[in-house]
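Trainee: Sequence:
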Amino acid sequence: MKNPEKRYAKELASMIKYPTIAGVSGSDRVFHRFRKKMTSFFPHILEKCDILDFDGSFLIKLKGSKNTHLPSLIMSHHDVVEAYGDWKYPPFSGTIADGRVWGRGAIDNKAMFWGMMRAVDDFIAEGHVPESDLYIVTTCDEEIAGSGAKLIAKYLKDSGFELRFVLDEGGKIVTDLMPGLAGRYAMLGVTEKRICDVRFTARGAGGHASVPSKNTPLARLASFVSEVESNDIYDIKLSDTEKEMLRRMAPNMSKDILDIFADPDKNEKKVIEILSERNPSFIAMAKTTVAFTMAHGSNASNVIPTEAYVIANMRLSKHATKEENIKKIADVAKKYDIDAEVVKDVLDVPVTDYRSKEYLFVEDVVRKIFPGVIPVPVVMNGGTDAHNFCKICKNVVRFTPVIVTPEQEKTEHGIDEYIEIAALPKIHDFITEMLYHL
1 MKNPEKRYAK ELASMIKYPT IAGVSGSDRV FHRFRKKMTS FFPHILEKCD ILDFDGSFLI
61 KLKGSKNTHL PSLIMSHHDV VEAYGDWKYP PFSGTIADGR VWGRGAIDNK AMFWGMMRAV
121 DDFIAEGHVP ESDLYIVTTC DEEIAGSGAK LIAKYLKDSG FELRFVLDEG GKIVTDLMPG
181 LAGRYAMLGV TEKRICDVRF TARGAGGHAS VPSKNTPLAR LASFVSEVES NDIYDIKLSD
241 TEKEMLRRMA PNMSKDILDI FADPDKNEKK VIEILSERNP SFIAMAKTTV AFTMAHGSNA
301 SNVIPTEAYV IANMRLSKHA TKEENIKKIA DVAKKYDIDA EVVKDVLDVP VTDYRSKEYL
361 FVEDVVRKIF PGVIPVPVVM NGGTDAHNFC KICKNVVRFT PVIVTPEQEK TEHGIDEYIE
421 IAALPKIHDF ITEMLYHL
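Counted from 1, the sequence shown has number 279 at position 279 by my numbering; the numbering is strictly sequential.
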């Protein structure tokens, strides 16, 4: 097809018009209408594939011709987060303007969902069949850490499946990573940090706000939060993945830092010092992070609470155990007579070997579809549905084949989310190239 961008943009825009926000009132009806629309977009998938429904998340099977390899799995999600604030174009309008498709989910993650489904549907329409079985997963509740991917992974595990390869959303192609570093990089996620939500609870006698006492639960929590925010309580240590990432980037670094980053084993302390100044997001890969996201005290403004709490969303480093990470912050909490309790825990995620045949396959596809882009392995700071499949697959890669600017990345889960129309054929071509070799 010549110049397919216009058609691709219209399809993605149509998807964005459905506010597929999991867990909100009326969402079931929206998801139902969305799924009905998708059947008209991808008729060949509907005709040729076996489809299993897991409460609105789907496992789709395209049978292979020879099955000389274990089956592969590509996945995405079609739910989005809510859209607040003042947008340039209404967030669920699917506006096409300025060479872009605008709206919630344009990057996260309907473009990936669209590209995956469009590529597979076209692949089937052209009469192609993969050599081995291909599974396609799309979930409806990734943004709320729902059960869709868990149910599908459990079904495959209980059925005795082992997967050769999994591709999910993840890192993108980025530039301008830090001063002194040139080039474009495909950030291939080979693992993700363990996520823990920890509740910190302070208790006291309570009382009337007209006669306030000192060291009330909220005051102690405030002091605790302030100390954690003001002091770096967690060590920074580069993992093998991060060191390999930096070694691959080193040839494109300015002369003043090139030799330092070329040997991160020898120069780890200096590397960390430079990264801390130039790109804190790299440092976030190499340490445990703490973000206080929720709090609760009294239900009335004139009542001092007998109990108050804050919840911290923690992303745990790979160089310490969960117990070591939790103890370190719990010890700080004890100073203020505050109890710590893990209320949500995602199991530790193994690391895909960046030397494996399956990982190198993804690198080869990146180089073919995006000439000049340098693939690098990274630790994902954010979580994905892919971690659910690690028990049945050793080779899980998290990558969204889109070139983004730092400003564009900020629109994910933010205001004025968009994707360049010119990016859509590349997503389609990337998935298609993979299909020819699975």
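It is possible that some hints are incorrect.
[As the list claims (entries may be wrong)] Simulated pairs of lysine to aspartate or glutamate, EDC-like, Cα-Cα distance not exceeding 20 Å:
id, residue 1, residue 2
1, K17, D122
2, K214, D337
3, K391, D158
4, K243, E268
5, K335, D353
6, K335, D348
7, K214, D232
8, K237, D337
9, K266, E227
10, K391, E409
11, K410, D98
12, K266, E307
13, K214, D339
14, K255, D176
15, K172, D28
16, K327, D353
[Claimed, not checked] Quick list of simulated restraints, FRET-style, between CB atoms:
id, residue 1, residue 2, range
17, A97, G372, 42 to 50 Å
18, S25, S65, 25 to 33 Å
19, N302, R278, 19 to 27 Å
20, A97, D263, 27 to 35 Å
21, G372, E307, 28 to 36 Å
22, A97, E229, 50 to 58 Å
23, G160, K266, 23 to 31 Å
24, D50, A222, 54 to 62 Å
Don't read these hints as lab results, they were simulated from the structure.
Beta carbons are placed, not taken as given, at the ideal position from N, Cα and C, and that holds for glycine.
Trainee: Each of the hints needs a verdict: does it hold here or not?
Mentor: Structure-based check of all given hints:
Restraint check for K17 and D122: not satisfied, since their Cα atoms lie roughly 23 Å apart, outside the 20 Å limit. Taking the CA atoms of K214 and D337, the gap is near 14 Å; set against the 20 Å cutoff, the hint holds. The suggested pairing of K391 with D158 holds, with an alpha-carbon distance near 11 Å, which does not exceed 20 Å. Taken as a hint, the K243 and E268 pair is honoured in the structure, with Cα atoms around 9 Å apart against an allowance of 20 Å.
Between K335 and D353, the direct Cα distance comes to roughly 41 Å. Violation of the 20 Å bound is thereby established for this hinted pair. The straight-line distance between the Cα atoms of K335 and D348 is roughly 29 Å, outside the 20 Å bound, and the hint therefore fails. Restraint check: the Cα-Cα separation between K214 and D232 comes to about 27 Å, which exceeds 20 Å; the hinted pair is violated. For the suggested pair K237 and D337, the alpha carbons sit about 30 Å apart, so the restraint of at most 20 Å is broken.
Using a Cα cut-off of 20 Å, the hinted pair K266 and E227 is violated, with the two alpha carbons roughly 33 Å apart. In summary, the hint linking K391 to E409 is not supported, as the alpha carbons are separated by about 30 Å, beyond the 20 Å threshold. At roughly 18 Å between alpha-carbon atoms, K410 and D98 fall within 20 Å of each other, so this suggested pair holds. Our distance criterion of 20 Å between C-alpha atoms is broken by K266 and E307, whose separation comes to about 49 Å.
Distance restraint check for K214 and D339: the Cα-Cα separation of roughly 19 Å lies within the 20 Å cut-off, and the hinted pair is therefore satisfied. Simply put, K255 and D176 have alpha-carbon atoms about 17 Å apart, close enough for the 20 Å limit, and the pair holds. A distance of roughly 31 Å separates the Cα atoms of K172 and D28; the hinted pair therefore is violated under the 20 Å criterion. Taken as a hint, the K327 and D353 pair is broken in the structure, with Cα atoms around 30 Å apart against an allowance of 20 Å.
Distance hint check for A97 and G372: the Cβ-Cβ separation is about 29 Å, which falls outside the suggested range of 42 to 50 Å. For S25 paired with S65, a C-beta distance near 46 Å fails the hint of 25 to 33 Å. The hinted window of 19 to 27 Å between N302 and R278 is violated, with their beta carbons roughly 49 Å apart. Distance hint check for A97 and D263: the Cβ-Cβ separation is about 48 Å, which falls outside the suggested range of 27 to 35 Å.
For G372 and E307, the hinted distance range of 28 to 36 Å is not satisfied, since their beta carbons lie about 57 Å from each other. Against the hinted window of 50 to 58 Å, the Cβ-Cβ separation of A97 and E229 comes to about 40 Å, which falls outside the hint. For G160 paired with K266, a C-beta distance near 46 Å fails the hint of 23 to 31 Å. For D50 and A222, the hinted distance range of 54 to 62 Å is satisfied, since their beta carbons lie about 55 Å from each other.
This entry does not satisfy hints 1, 5, 6, 7, 8, 9, 10, 12, 15, 16, 17, 18, 19, 20, 21, 22, 23, going by the numbered hints stated previously.
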